[in-house]
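K.L.:
Using the sequences and the accompanying hints, generate a full structural model.
24 is the number of the first residue of the sequence shown in the numbering used here; add one for each residue after it.
FYI, nobody ran anything at the bench for these hints, they're computed from the structure. There's no promise every hint is true.
What the hints assert, rightly or not - Simulated crosslink set (EDC-like; lysine to aspartate or glutamate; CA at most 20 Å straight-line): (1) Lys-336 with Glu-262; (2) Lys-142 with Glu-164; (3) Lys-248 with Asp-298; (4) Lys-336 with Glu-295; (5) Lys-59 with Asp-37; (6) Lys-248 with Asp-211; (7) Lys-59 with Glu-29; (8) Lys-148 with Glu-119; (9) Lys-316 with Glu-262; (10) Lys-258 with Asp-218; (11) Lys-193 with Glu-164; (12) Lys-248 with Glu-265; (13) Lys-248 with Asp-238; (14) Lys-248 with Glu-270; (15) Lys-59 with Asp-218.
Stated by the list, open to error - Now the in silico label distances, taken between C-beta atoms and shown as ranges: (16) Asn-118 with Val-228: 41 to 47 Å; (17) Pro-220 with Asn-118: 36 to 42 Å; (18) Asn-118 with Leu-27: 17 to 23 Å; (19) Ala-32 with Glu-270: 45 to 51 Å.
Glycine included, C-beta positions come from ideal geometry on N, C-alpha and C.
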Amino acid sequence: MMQLEEFIAEWRNDSPTLLVHTSGSTGKPKPLLVEKRRMEASARITCRFLGLREGNTALLCMPLDYIAGKMMVVRALTCGLRLISVAPTGTPVWNEPVDFAAMVPLQVWNLLHDEAGRKRLMALKNLIIGGGAIDGALSAELRSFPNAVWSTYGMTETLSHIALRRLSGKDASDFYTPFEGVTVGLSDDGCLVIDAPQVCTSTLVTNDLAELAPDGRRFRIVGRKDNVVQSGGIKLQIEQLEQRLHEHLPVPFMLTKRSDAKFGEVLVMLVETTDAASALPLCRDCCEQWLGKYERPRVYLPVARLPLTATGKPARAEAMRIAENGR
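P.N.:
Right under this line is the structure:
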């Protein structure tokens, strides 16, 4: 794991570029060489959007091996924030007031369910959450928070995020607001197209299926193009189905797909369990109750552990490999 002093030394060396790696949620992590000046531009944009000023405190509680952790340090160095670094655990601990923090959903969930952690979380003046989907239950808990809580939209290629949507208070929304200088549109197949010249060298066509708000500027994410299952002529969006089931199914699960001679593709549910005899019937019953006739998985597959990336995202490519091989 990269140490803070190691990253700062790399940031301050004479090279105009820095090597980063993608998270690997849809395949193997890829190395990317990015320009430090673009990382600085991204840092300034975020701090302006959130109204952060020199001397404000920023909490680093994520590993520096990935872009999210690196960008917290860059924001502090670029905008004069006072950085507080703590161990990047699932339940981070800090003991002084914090103006700005970034976390993944798992960290937020853990803190919400810890009495001392919840108090710390509610005292954060600005919290951004990224690196994974925020389900309905987590959104509902955060809506009443007294300070600003945001969901981020972005990826390694955009040097962290290029848009935020409010999760707390009266301004909570399903739609992301792009930062200044960022414009978005839709490709012919409905995927989000990003033009962010300050942080990206070229227009980026994503695999995220999106919907634009009536103002043509804000957007919301419907799912991923590569997570669509085309089964017997019916298109099934994996993330939408997972979202509906998460509220009702207490067993850890993930939806994926595999090829099928009759239907082309079929939906597969991976279930993390050591007791398949009881867990799989529970999953079938839940799917029959909350999914439509043609939306239900045709295969239920027990696994010892769901495939996740190092940052806790679903490892979709590995899930499909497991589904194809049956183990």
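K.L.:
Would you mind marking each hint as holding or not holding in the structure?
P.N.:
Going through the hints against the structure:
1. A threshold of 20 Å between alpha carbons decides the hint, and for Lys-336 with Glu-262 the separation of about 12 Å falls inside it, so the pair holds.
2. Annotation: proposed proximity of Lys-142 to Glu-164 holds, straight-line Cα distance about 13 Å (limit 20 Å).
3. With a CA separation close to 33 Å, the supplied pair Lys-248 and Asp-298 exceeds the 20 Å bound.
4. A C-alpha spacing of about 15 Å is found between Lys-336 and Glu-295, which places the hinted pair at or below 20 Å, so the restraint holds.
5. A distance of roughly 11 Å separates the Cα atoms of Lys-59 and Asp-37; the hinted pair therefore holds under the 20 Å criterion.
6. Taken as a hint, the Lys-248 and Asp-211 pair is honoured in the structure, with Cα atoms around 12 Å apart against an allowance of 20 Å.
7. As the CA atoms of Lys-59 and Glu-29 are separated by approximately 16 Å, the hinted pair is consistent with the 20 Å bound.
8. Straight-line distance between C-alpha atoms of Lys-148 and Glu-119 comes to about 12 Å, which keeps the hinted pair within the 20 Å bound.
9. The straight-line distance between the Cα atoms of Lys-316 and Glu-262 is roughly 18 Å, inside the 20 Å bound, and the hint therefore holds.
10. Of the pairs offered as hints, the one joining Lys-258 and Asp-218 is violated, with about 29 Å between alpha carbons and a cut-off of 20 Å exceeded.
11. As the CA atoms of Lys-193 and Glu-164 are separated by approximately 14 Å, the hinted pair is consistent with the 20 Å bound.
12. Note on Lys-248 and Glu-265: the hinted pairing holds, with a Cα-Cα distance of about 15 Å set against a maximum of 20 Å.
13. Our distance criterion of 20 Å between C-alpha atoms is broken by Lys-248 and Asp-238, whose separation comes to about 24 Å.
14. This hinted pair does not check out: Lys-248 and Glu-270 have alpha carbons roughly 24 Å apart, beyond 20 Å.
15. Restraint check: the Cα-Cα separation between Lys-59 and Asp-218 comes to about 19 Å, which is no more than 20 Å; the hinted pair holds.
16. Judged by the Cβ atoms, the range 41 to 47 Å given for Asn-118 and Val-228 holds: they are separated by roughly 44 Å.
17. Checked against the hint of 36 to 42 Å, the C-beta distance between Pro-220 and Asn-118 comes to roughly 41 Å, which is consistent with it.
18. For the pair Asn-118 and Leu-27, the supplied restraint of 17 to 23 Å holds, since their beta-carbon distance comes to about 18 Å.
19. A C-beta distance of roughly 46 Å is found between Ala-32 and Glu-270, which places it inside the suggested range of 45 to 51 Å.
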